[in-house]
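S.K.: I would like the entire structure built from these sequences, with the hints used as guidance.
If you're matching positions, the sequence shown starts at 262 in the numbering used here and goes up one per residue.
Hints listed in this document are in silico derivations from the structure and should not be mistaken for laboratory results.
Worth double-checking, as some hints may not be accurate.
[Unchecked claim] Calculated pairs, EDC-like style, for lysine to aspartate or glutamate (alpha carbon to alpha carbon, straight line, at most 16 Å): (1) LYS343 / ASP391; (2) LYS310 / ASP346; (3) LYS413 / GLU530; (4) LYS343 / ASP308; (5) LYS468 / ASP511; (6) LYS343 / ASP313; (7) LYS310 / GLU332; (8) LYS343 / GLU312; (9) LYS464 / ASP450; (10) LYS357 / ASP320; (11) LYS468 / GLU439; (12) LYS357 / ASP371; (13) LYS413 / ASP384; (14) LYS464 / GLU439; (15) LYS468 / ASP435.
[As the list claims (entries may be wrong)] Across the chosen pairs, the derived CB separations fall in these ranges: (16) PRO330 / PRO455: 51 to 61 Å; (17) THR318 / GLY398: 26 to 36 Å; (18) GLU439 / LYS413: 26 to 36 Å; (19) ASP491 / ALA460: 14 to 24 Å; (20) HIS400 / GLU312: 44 to 54 Å.
From the three backbone atoms N, C-alpha and C, an ideal C-beta is built for every residue, glycine too.
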Amino acid sequence: MKRLLLLCALAAALSACKREPEPAAPVVTPGAPAPAVGDATTVAPADVKLEDVSESTSDYIIGISYQVPAEQYPGLAAELKKYADAARNDLIEAAKARNQPGGATSAPYDLSLSFTELMHTPDVVAVAADGSSYTGGAHGAPLIARFVWLPKQNRMLTAQQLIPAPSGWTAISDYVREQLHAALSQRVDADDLPPEERAEVVKNASKMIDDGTQPDPSDFALFEPIAAPDGRLAGLRFVFAPYQVGPYSDGTQTVEVPVDVLLPHLAPEYRPLFAAAPAAPADAPVASPPAPTR
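M.R.: Rendered as structure tokens:
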């Protein structure tokens with residue numbers, strides 16, 4: 262029953278919220294700081310330094326770790342630092358506000374954020390940002406972002422650029438929903454709930470899944486490349502923050518979409534990045550099959 266009440270409350274809250282259109286850089290999870298976004302093609306100064314941050318005062322505690330060798334790509338390094346700086350500044354401002362008359366005066370606020378490398382090839386560099394920002398309440402707000410950098414083009418790759426047509430997002434949405442609904446059914450079956458309670462839980466959780474996976478790139482803005490044996494991409498792993506497709510207790514959820522689902526909908530310029538796509542130009546001659554032997 263406790264799980265049912267939580268799902269109902271979250272579903273109602275989620276239906277009242279609308280996400281903003283996809284920005285040109287990774288988005289942050291609901292309730293987390295939204296860093297400023299610049300032109301994805303802008304080259305950052307070469308002197309961007311990614312230095313770990315460790316701060317502790319009576320009002321807040323901050324820990325930021327850069328476990329990535331991204332400084333060789335100044336544009337990527339600038340985006341990572343911009344994200345971290347925005348999260349840090351938001352936490353400090355929140356800590357200042359609570360010291361004002363009428364503000365809260367409980368335990369120190371805290372921010373924990375770590376950047377880790379997911380992929381590093383000549384064509385694609387991917388970095389994950391994961392952490393949380395606590396500014397009161399039952400738990401911290403999750404901080405989740407994904408950065409996919411194209412070194413040869415010196416810019417970030419966004420979901421909108423990768424899949425430009427609405428029909429592509431319809432296909433991806435259908436596939437992802439099927440996987441999430443299947444996972445939901447398995448979780449609910451494991452809880453062994455009475456039939457009426459099970460039906461209500463599935464109803465509310467299914468609505469969260471459908472609301473959080475609309476066929477729009479803004480719902481799929483967080484993604485990770487999946488490596489193929491030949492160094493290209495075997496698919497994409499879409500990342501959904503807590504509250505997007507399920508309650509906070511379900512945590513971050515992911516769905517892997519294989520290349521055969523993605524390929525018909527990829528923008529032509531990005532198809533060579535994927536393992537099932539021909540590396541040669543579309544007009545390159547195709548070798549004839551060998552003649553049958555007698």
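S.K.: Does each hint fit the structure? Answer for all of them.
M.R.: Hints, one by one, checked against the model:
Between LYS343 and ASP391 the CA atoms are separated by roughly 15 Å; this keeps the pair inside 16 Å, and the hint holds. Annotation: proposed proximity of LYS310 to ASP346 holds, straight-line Cα distance about 12 Å (limit 16 Å). Annotation: proposed proximity of LYS413 to GLU530 holds, straight-line Cα distance about 13 Å (limit 16 Å). Restraint check: the Cα-Cα separation between LYS343 and ASP308 comes to about 14 Å, which is no more than 16 Å; the hinted pair holds.
In summary, the hint linking LYS468 to ASP511 is supported, as the alpha carbons are separated by about 15 Å, within the 16 Å threshold. Proximity of LYS343 to ASP313 is assessed by CA-CA distance (about 14 Å); at most 16 Å being required, the pair is judged to hold. Using a Cα cut-off of 16 Å, the hinted pair LYS310 and GLU332 holds, with the two alpha carbons roughly 7 Å apart. In summary, the hint linking LYS343 to GLU312 is supported, as the alpha carbons are separated by about 13 Å, within the 16 Å threshold.
About 14 Å separates the Cα atoms of LYS464 and ASP450, which keeps this hinted pair within 16 Å; it holds. Using a Cα cut-off of 16 Å, the hinted pair LYS357 and ASP320 holds, with the two alpha carbons roughly 8 Å apart. A distance of roughly 13 Å separates the Cα atoms of LYS468 and GLU439; the hinted pair therefore holds under the 16 Å criterion. The hinted pair formed by LYS357 and ASP371 meets the criterion: a straight-line CA distance of about 13 Å does not exceed 16 Å.
With a C-alpha separation of about 6 Å, the suggested pair LYS413 and ASP384 falls inside the 16 Å cut-off, and the hint holds. Taken as a hint, the LYS464 and GLU439 pair is honoured in the structure, with Cα atoms around 15 Å apart against an allowance of 16 Å. Taking the CA atoms of LYS468 and ASP435, the gap is near 14 Å; set against the 16 Å cutoff, the hint holds. Taking 51 to 61 Å as the suggested C-beta distance range, the pair PRO330 and PRO455 conforms, at roughly 53 Å.
With their beta carbons about 20 Å apart, THR318 and GLY398 fall outside the hinted range of 26 to 36 Å. For the hinted restraint 26 to 36 Å between GLU439 and LYS413, the CB-CB distance of approximately 35 Å keeps it satisfied. Hint check: ASP491 to ALA460, Cβ distance near 46 Å, so the stated range 14 to 24 Å is violated. For HIS400 paired with GLU312, a C-beta distance near 28 Å fails the hint of 44 to 54 Å.
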